[in-house]
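Asks: Construct the entire structure; sequences and hints are all you get.
So the protein sequences, as listed, match chains E and F. Counting from 1, one number per residue, gives the positions in the first sequence under our numbering. Counting from 1001, one number per residue, gives the positions in the second sequence under our numbering.
Hints were generated in silico from the structure; no laboratory data involved. Quick reminder that beta carbons are idealized off the backbone N, C-alpha and C, glycines included. A portion of the hints provided could be inaccurate.
[Unchecked claim] Covered, in the sense of this in silico footprint (three residues per stretch, anywhere, with C-beta under 8 Å from a C-beta of chain F), are these stretches of chain E:
hint, region
1, 82-96
2, 142-149
[To be verified] Sample of chain F residues at the chain E side, in silico, Cβ under 7 Å:
hint, residue
3, 1014
4, 1035
5, 1038
6, 1039
7, 1044
8, 1051
9, 1068
10, 1070
11, 1109
12, 1134
13, 1165
14, 1289
Spelled out, the chains give:
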Amino acid sequence: MQKSLSASRASFSAIEEDHGYAARRLDYGPGALNEEPKRRYHILLMAPAIVTLAAITIYPFFWLIYMSLHKVSVARSDRWVGLDNYARLFGDVKFTDGWLLLLKYSALCLTLEILIGVALAVILNGSRFEKVLVTVFLMPMMMSPVVAGLVWYYLYNGTFGWYHWLFQSIGILGETSILADIDTAMWGIVIVDVWQWTPLITLITLAGLKRVPQDQLEANMVDGAGSLRNFFTVSLPNIYPFLLIAILLRFMDNFRFIDHILVLTGGGPGNATRILPVYLFDVSFQFFKLGRGAAIAFTLLIVTIILGMILVRIFDDPKKQAASGGAGETTDD
Amino acid sequence: MASREIVQYDSGLSRVFKVLAQVFLVIYLIWTVSPFIIMVGSSMKDLLEAFTLPRVGDWLGALSFFNFSPTFKHYVALFADESFGTYLGNSLIASVGSAIIAVVLGTSCAYSMSRYQFRGKKDVFFWIISTRMAPVVAVIVPLYAIFRSFGLVGTLPGLILAYTTFNLPFAIWMLKGFFDNVPYAIEEAAQCDGATRLRATLQILPLVAPGIGAFLVLCILFAWNDFLFATIIGSGGAKTLPVATKELIQPQNVQWGKIMAAGVVTTAPMMLLGLLIRRYLVAGLTMGAVKE
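Replies: The following block contains the structure:
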């Protein structure tokens, strides 16, 4: 296990390391032994994947921009409307609310997932049942998000749902189901996300905890530090880069997966859970206003791309990021 | 597998912590497992039994959940009336098909990326990872318009292609990590012995075969669990299990027994596959940022 740990340190910083490795290799590299030019061979191997990926991502991306500048309808051909689709977004309360709700939803999910996930990892780390429990905790992550949504929809049901019964029994819910009330519906979808993805945070944190130098912990304890102090002064700085990656991954996934929300509330009651991706789904595929949908999608994509850039920066060099203390300002690349 | 040294904390506070931690662990375990238990249980219950709850606050009464005579009629009905067999087939073809494409194209691309240096490589990498991270809804909008004009909406090839948008970048990204760990000296040695470059390349494939297998399974898992692509791109002719399961919810008549049974049918195979590739699962879910 130790070996795989040290090897994987490099996983994402591999890009960086690779530069060194490959540059050195160029001198006696692939082309040195055989006469044929090395370029062609490698590009030939790369081409099928790159071409396929371009066809299904770059081409649609330009289509997205085209669509966002047009009024797209099923029957007639598209009509150019310039920036009208974008301009209308500013007057659209559901759009601005969608962003706010997305942030609220992400913040709630992330806070709970990090708190519970890290606590769980610390408890599990080195415990007798670690292996068994980690295996059990993997279960929710392998469930299709839409099926998870369906099961929780059943559990939340106001007349026969077991979790509704539970909430009533501990006195935090009355007769109405958690999903039917504007004030609680958001919690309903957050709980499902937390149920499904907290284990991921736990697993990431566990991987980080395995790399905390034991001698530091022991030295600290000789100095009289308790377990709590030890966690904050030694463990936390060490797992910080891992947490950063986990947070960003979950943050992006909150943009990506709305399957359970579509099942649980469909954005309701009212607009209480209509986070931006759900609104985008409604505009595009309930009302089939594909042009406006494209404009919304474009804003969503831009934000995700910025998040992706931050992520790649962190992947590149987790240590340096951790030292400089944050990723907020590193959006340029 | 060397066992880790466990640091023993010894103070009064720690003992309280320990008890609290254990309580927390038990509660968390119950909360993780309970939806599964209720799903499986309800799928084997008669309607009346499934809808019986104890009185509010009657904690012991909750045990009545386990008091039922199992029936498999929902499973039978699923395949008899709802033609779940077809959807199961669609799910299988779409997920396995896209996984194979992703891994075959991904392997050759990842190998090349691992061994070959070129200008703008970093940008290409960023592009690859960004396509994986893009919100599915945003990707679907243009993809739907394009696929519609090509007549790909509602077809399995369309669905396979749609799944490739997230599986291919994933495969490239992950497999490159594998190839990076294989020393280039192996190929050099082969070439010294007179092997052609292609031969040299092919001979390191067995070294990464376990990884490739694991990521094939992971790609299947991602595609199998998808709902958005399946419901937009696959609507009509290529209905998959998650979509069919969701469609069992109808305004007038929600057939919970069938839904829970369908949930089990959808989840169980992926659970087994997931356990099989447990070791790679975390790396997969985090795009290789973290390995266990």
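Asks: Against which earlier hints does the structure fall short, listed by number upward?
Replies: 1, 7, 9, 10
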